[in-house]
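Construct the complete structure from the given sequences, taking the supplied hints into account.
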Amino acid sequence: MGCLIFRKKEQAYVEKCWKDVQVGDFVQLQCNETIPADILLLYSSDQNGTCHLETANLDGETNLKQRQVVTGFFHQSSEFHPEFFQNTIVCEMPNNDLNKFKGYVTICLPCKLQKVSNIVCCNVAQSNFHKIQGIQREQPDSKKIGFSSENLLLRGCTIRNTEVAIGIVIYAGHETKAMLNNSGPRYKRSKIERRMNMDIFFCVGLLFIMCLIGALGHGIWNGSFSEHPPYNVPDVNGYYLSSALAGFYMFLTMIILLQVLIPISLYVSIELVKLGQVFLIHNDIDLYDEERDFPIQCRALNITEDLGQIQHIFSDKTGTLTENKMVFRRCTINGNEFSHQENAKRLETHKDMDLEDADWAKCQQAIFPAIEIEKQATLKQKSAKPLRRCQSARAHVPGHARKRSLGRCDSSQSQVAFSSTIEKDVTPDSRLLRKVRDAALQMESLSPFTSKATFSSTTATTDFFLALAICNTVVVSTATEPRQRVTAPPLMKPSGISLERIHQLFQRLKLANLSQSFSSTQSRSDLGASFETEDNKENPAAPNSCDKDDDNNGGGRIVVHRKDSTGTHNTSLDEAFESVTQGSLQAEFCYEAESPDEAALVHAARAYSFTLVSRTPEQVTVRLPQGTLLTFDILYTLGFDSVRKRMSVVVRHPLTNEIIVYTKGADSVIMDLLEDPARDGIDVEKKLRRIHAKTQKHLDCYARDGLRTLCIAKKVLSEEDFEKWANFRQEAEAAIDNRDELLMETAQHLETKLTLLGATGIEDRLQDGVPDTIAALREAGIQIWVLTGDKQETAVNIAYSCKLLDQRDTVFTINTENKETCESLLDLTLEEVRKNCGIKKSKWTFFGIGLPSSLPASTGPVPEFGLVIDGKTLNIVFQGELERKFLELTKYCRSVLCCRATPLQKSKVVKLVRRQLNVMTLSIGDGANDVSMIQVADIGIGISGQEGMQAVMASDFAISRFKHLKKLLLVHGHWCYSRLAKMVIYYFYKNVNYVNLLFWYQFFCGFSGATMIDYWQMIFFNLFFTSLPPIIFGVLDRDVSAETLLSLPELYKKGQNSEIYKLSTFIIAMLDAFYQSLVCFFVPYFTYEGSDIDVFTFGTPINTISLLTILLHQALEIKTWTLFHWITMIGSVVLYLFISTVYNAVCVVCNPPTNPYWIMENQMSDPRFYLLCFIAPVLALLPRYFVLALQGTFVACPILKAQQLDKLPKEQRDLEIHLWRTKNQATLGTSSVCVDEVNLSTSNVCLSPFLHPTASAISHDNLGLSPQDTNPRREWILNRESQYSIRRQTEEETTSASSSVTASPWQYQFLTDRNASPGQFTGQLTDGCAERLNRGSHRRSVSAVTL
Amino acid sequence: MTSKSREDAQHPPSRCPDNSAFKQQKLSAWQPELTPASVLSGFILIGVFCLTMGVCLILSARSVKEVQINYSDKCLNCSKLRENSSNWNTECLCSADFKLEEKIQGDVFMYYSLQNFYQNHRRYVMSRSNAQLLGRNTDIRNSNCAPFSTYRNGTPMAPCGAIANSMFNDTISLFYYTNLSTAIQVPLLKTGNSWWTDKYVKFHNPTSHNLTSAFAGTARPPYWQKPAYLLDEENERNNGYINDDFIIWMRVSAFHTFRNLHRRLSRTEQFADGLPAGNYTFHIFYNFPVSRFKGKKYLILSTVVWCGGSSLFLGIAYTVSGAVVMLAGFIITAIHLKLKKRKTYFQR
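Chain order of the listed sequences is U and W.
Position 934 (the first sequence) corresponds to 934 in my numbering; numbering is contiguous.
Position 181 (the second sequence) corresponds to 181 in my numbering; numbering is contiguous.
Since the hints were made in silico from the structure, they are not lab data.
Be careful, since some hints might not be right.
To be verified - Okay, the calculated beta carbon distance ranges per label pair:
| hint | chain 1 | residue 1 | chain 2 | residue 2 | range |
| --- | --- | --- | --- | --- | --- |
| 1 | W | 320 | U | 235 | 40 to 48 Å |
| 2 | W | 84 | U | 1019 | 45 to 53 Å |
| 3 | U | 1153 | W | 63 | 38 to 46 Å |
| 4 | W | 32 | U | 242 | 50 to 58 Å |
| 5 | W | 26 | U | 271 | 40 to 48 Å |
| 6 | U | 236 | W | 22 | 40 to 48 Å |
| 7 | W | 23 | U | 148 | 45 to 53 Å |
Unchecked claim - Here are the simulated SDA-like pairs of lysine to any residue, each with C-alpha atoms no more than 25 Å apart in a straight line:
| hint | chain 1 | residue 1 | chain 2 | residue 2 |
| --- | --- | --- | --- | --- |
| 8 | W | 26 | U | 226 |
| 9 | U | 1201 | W | 230 |
| 10 | U | 963 | U | 1123 |
| 11 | W | 26 | U | 275 |
| 12 | U | 1207 | W | 40 |
| 13 | U | 1210 | W | 28 |
| 14 | W | 74 | U | 292 |
| 15 | W | 26 | U | 1050 |
| 16 | U | 1207 | W | 22 |
| 17 | W | 23 | U | 226 |
| 18 | W | 294 | U | 275 |
| 19 | W | 294 | U | 1050 |
Said to hold, decoys possible - A few chain W positions that, by computed beta-carbon distances, are all more than 12 Å from chain U:
| hint | residue |
| --- | --- |
| 20 | 54 |
| 21 | 73 |
| 22 | 106 |
| 23 | 123 |
| 24 | 165 |
| 25 | 177 |
| 26 | 184 |
| 27 | 188 |
| 28 | 198 |
| 29 | 260 |
We treat Cβ as the ideally placed atom computed from N, Cα and C, and that holds for glycine.
The structure is reproduced here in structure tokens:
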């Protein structure tokens, strides 16, 4: 690839290759060009001296990033002349941190123009800095200008939106940050290989023993002669060796002779086989994602077989289990819930459309109001043209991941991050929409007069949507120019309709509205309370819809209501809006956000006609529903960080001139920062408290539905306060030391005493096929843990919805910050679980670590447990050395959820499980936060989702959907494992078998190291004659068909328990090899004993026999004979005969001491040869075949059973599989029948026990009625009532004291808090067993639990 | 062309894998089926075949007639004499009598057999020069022959190497007593005993107008009593390197106890049907020492059949394995019959 580099000879930019770019070169970059090296930006054609980058190649983020020209060099007026650049650049040594870069330029004040001898690069030793000089001597009167990563253009990124940029190369080639980050795939060693290496040591030992026997034998044999016999040849000088020395030499000779025992060829074959396996996995059409045109990527080539041995899966939640397509679902404003039923319906249909790949516009026609159709039409027209541009712009981006087929690009938004149609289009809630319109009108009419914000629902609504539109870092671009940032508000007026006209129109409408339907539509009363009652009256279902599970019912009502209201009264209003929206639809905006939530919120705001039109660092323009463009001056933007968990913008309102802080953040944080309501009057306080409580309730309910919640709040600042704060902030920004802390402090200082506006619920939809996949994987005996940074409630709900937790499972929740508590909680739970599992305690506590692989089987019949633990508790576990207890507990649990876990904790958990339990782990994730976890696990799987490529880069396998994991593990994993394991075993067998032939001969040749086989034949034997069948076997053999493997996940357990390649199978293979080699050697030996046969004539039948035996042995292993198998098998024999014949016929003296001339031919004319070639393999393989035949005809193990199933016709097979599965479940069921006899009738009634405390109680019946439990059922009913009360109490507590952990109503909980622990201990232990609680031995349970 | 490329640009090649049987691992395949029927029929077939084969082999091996005489024991005095290597030049004649109870019909072969002579010793096997034996004029000092390549004075040995040096050099003749007093020599053929390829491909005398000049400048190996070109003075074409006895000796034996074909009966006159019953005697010029390595020497008269010599092993192996295979088949059948009622796995 070429780029433009300044050459001082030509005084111009010359096209050069990337490889010729050197440090110190000046590079001119054009728009859409890929950056060839790390370049310090010195000039940009942009007015502001900025340059836009797309960094998708580097970090996968699809939004545009802004880079700044180095401060001193920004002269917009003048062109940049490299020949005048006479400065010294000092910067860091090359490193791989993409986000950190520091350095300075020493600018020499006007000095003589001097031909720059271009650029010297040297390392300044002390400072460890990298220095680039434009001139030789440093000027004393120079000044230093610092620069940072803000000024650096990184290699691999693409210049966007900037005509020309010029910079100086700082790092080139392999020193660039992109290259340093690309460490390549990490070398992992698979479990089989680790095992294999151990067995190779065994082989080394065997070799040593054999050599020792040879050496001793030779020594003794040598010493047995009193006189040197004629066949004992002296050395060259005619001297004879002493016995001891001869023995020693023989040892070395034997090593050379028998070294084939160490299967070097095995390593080569394994590599080849894995290559083949990877090829086949890569080409699996089932693992190909059509939507993204993304087949599975196997980045690691050497751990395919590990896929078949996974025992633990650690999964990320967001983007892995879910789609990470954030869809705005619901919101609550000022304590009023808007459930957005239409939106929910739309999402439903969308889901179907996703599947059927239908033309979505058609469907939307049916659902959307007329406005929307118009919109679509215009959009569609426009989308065709820009598309080509995108494509061509992308065409020369090398290896870009997002090539799409044209059909799928039919909206250009697909090019832009987080803007699938499903996220973009939000169907507004009719109730809210009307409210918004009114609010907007009011704002329009009132804003000039109201200087102080009164607390009203209308302004809150407006503010809420303004906050959604403003409080973000979304970059706006237009549909026509998808990559071009809109920085200035469009100059056009809302077409045709002047603002005044709209104003008039609205005034008119307002009046009409008021008169027509005051009672049925919203009141514009300032009092939120009265509004609320109105609202409730109007649609009583809506606010309570969280508590009662009758959403559908309510939804139906809303729709009806909406129809008649809009249909009869609001036609004129709609008309007006239509005209407005049509007029303003000249540009369709694309929003590029760093996180999908932000985009979803902006789109949501747009649905309510609060359209974000443009954004610059200084200004943000929003179009209001009426079409007015409001331009806010952005005073400050306090970006999101994971510590604060919120972001804020400080803007000046253009109408009121107020300084407003809009904050958006996690509910837990925002709720704590709210203004203390007690400050104002008692009325206001009451109202505020109620709003808070309601909002909290809604938030809980959102979380329960698996929505991601964000709270929106605002704060009005007085000028003075702002001035004060701004100074403070500037100081902080200017600070050099601990700048970050200061910035954080200032941010925290500002974000206090907020006024709650509302909250949003964003749905992160579950990916296709996730529950099915999880169920299958679990059936395969894999333990699945979810490690997420998300909230506990959300995580648990996702866990329920993806069948990770079953409704009947007992879920333990451990949240604590205190070590002792944590320990005792763990002990307690452990004890409980143990008792229920009915497993003898001693069995598990011998080593702390039991037999993990056998665990799933042993816990089968007992009730299932789930464990939920949060990040803080995990920290305690790690710090307090409670890992063992934790792990022991998790061993009993069907699934474990770690919420609020940091990336480090995720990797720690994986490491802990991997190391301590010694199990095979798999991590799957999609984001940068999963990278550490992916790297730590035995297998890391990256999901190439929305969050960039880091996870994929770190992974061993990259898939596009979670559901692909099922086939990857159950089918490919199983195949790869069984193929490779069998192949490894076979190789060991093969080598031992063959080498032993030579060894046995030593007993008959005085341990002299003689061979009866010509050594070319020996080399060929391993190299050609017996190498291909195992490789073909390793690549192609499939013991069970993919369909059967998928429908019978339990077949996976074979690989999990390493049943094919373990010590016993290895020993059996070794013994078999010994036996077979004995047969192969001694049958010919006894046949020819005492005859006139010569050495190599004796070797030929042996060689042939062992070849046949070894190949037939392989043939017994092969379960499917494809054409390739036949060809290689028969081909190997034919090749052997052919090569041997030719070699023996051609070579008279080619192999000096030995001379195999015509031996093969001679042998082939001897009937004894054929007799031997028949009887020896038959005898050698008889035991193995006998055992196989016995196994095969009696079908002992599931794999064989499955193989037989494969041969049945399809219908019958399905039937058999079904029977098999039901039989298995039946055996499980009978053993657990003691658990639930009584509650069978009740459990099917309560589908969602977390909504009903009664149900949760029933779910605990599972436990309570375990055999040793003597509690009669009546007591449980009593308990249920008391649980009610406790739960109520819990809710009361949590709402009043927001600092305590939120009670999660999805499970019945014992709040074990109270006075027992004076610290911040908040332990929640969920359990249903009254026995434990009544025992009363534990202080905490006594004090806390009152049943 | 251009339109096509433009089309390509618009439709970037899909990365969708081919839906071919190979790539989707759905190649049609034969899956061996281990049903009781197929397994048992296999066992029975192989068993029957092996048993019949074994019986045939045993019968044919039994038809081989063989006479074996340990003449190193019979010629103890000569053995003793040869123990002392200083007596190498002393001639020692000995005779071994034996009686054939019944005649040996067909082609009769005379073997000499050595016991405990490790011809398969690695260093021994290597100690030869194939190139020299092929008649090429090679420098044998760099061959594997050392230390039996040259004499101290540099004269190369012809043939070189330990194998050639230790060649079996007893001279044996067989006499048949037509009556108690008169013995006639049994006509034995010296040639045609070795492999044809050995005689005509692997071994050649150096080219020269006559054999003596061909071996000029070389010396006999130290243990030899006469040079290579005098191995068979009667027959020019059985001399030098292409002497049959020499060729046979150079084909090193696989085991430390072995036999080598020495002579075969010339079926003329009264020996046209083979050897008639009666008294025979071997006249042996005892040269080859065996007592040094506790070896024994035998002379064997034997016939051959299609499956080799008198060894019964192959026949027994076939019979036994046939029986074992049958037994295995019966065991499987027995287990099947016993478990038939309990077998529930597919049948509901």
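Quiz item: Can the restraint linking residue 1210 (chain U) and residue 28 (chain W) be considered satisfied, given a maximum Cα separation of 25 Å?
Solution: Distance ~15 Å between residue 1210 (chain U) and residue 28 (chain W) Cα, so the pair holds.
Verdict on residue 198 (chain W) as a residue remote from chain U, using beta-carbon distances over 12 Å: violated (8 Å)
Inset, instruction - Would you mind confirming whether the straight-line C-alpha gap from residue 1201 (chain U) to residue 230 (chain W) stays at or under 25 Å? - result: violated (76 Å)
Original post:
In this structure, is the beta-carbon distance linking residue 236 (chain U) and residue 22 (chain W) contained in 40 to 48 Å?
Top reply: With Cβ atoms ~58 Å apart, the hint is violated.
Given the proposed pairing of residue 1207 (chain U) with residue 22 (chain W), does the C-alpha separation stay at or below 25 Å? holds (20 Å)
Checking a non-interface call: every C-beta of chain U should be farther than 12 Å from the C-beta of residue 165 (chain W). Is that right?
Incorrect as stated: the minimum Cβ-Cβ distance to chain U is 7 Å, not above 12 Å.
* Does the structure keep residue 294 (chain W) and residue 1050 (chain U) at a Cα separation of 25 Å or less? -> Roughly 67 Å between the alpha carbons, so the hint for residue 294 (chain W) and residue 1050 (chain U) is violated.
**Asked** Under the criterion that the straight-line Cα-Cα distance not exceed 25 Å, is the pair residue 963 (chain U), residue 1123 (chain U) satisfied?
**Response** Violated, at roughly 32 Å.
Starting from the range 40 to 48 Å, see whether the pair residue 26 (chain W) and residue 271 (chain U) falls in it by beta-carbon distance. Since the Cβ atoms of residue 26 (chain W) and residue 271 (chain U) sit about 26 Å apart, the hinted range of 40 to 48 Å is violated.
- Using the Cβ atoms, figure out if residue 84 (chain W) sits within 45 to 53 Å of residue 1019 (chain U). Holds - the Cβ-Cβ distance for residue 84 (chain W) and residue 1019 (chain U), about 46 Å, lies within 45 to 53 Å.
Exercise for review: For the pair we were handed, residue 26 (chain W) and residue 1050 (chain U), check the Cα-Cα distance against 25 Å.
Suggested key: With a Cα-Cα distance of about 22 Å, the restraint between residue 26 (chain W) and residue 1050 (chain U) holds, given a limit of 25 Å.
> Between residue 26 (chain W) and residue 275 (chain U), does the CA-CA distance stay at or below 25 Å?
Replying inline: Distance of about 19 Å is within 25 Å: holds.
In summary, the numbered hints that this structure violates are 5, 6, 8, 9, 10, 14, 17, 18, 19, 20, 23, 24, 28 and 29.
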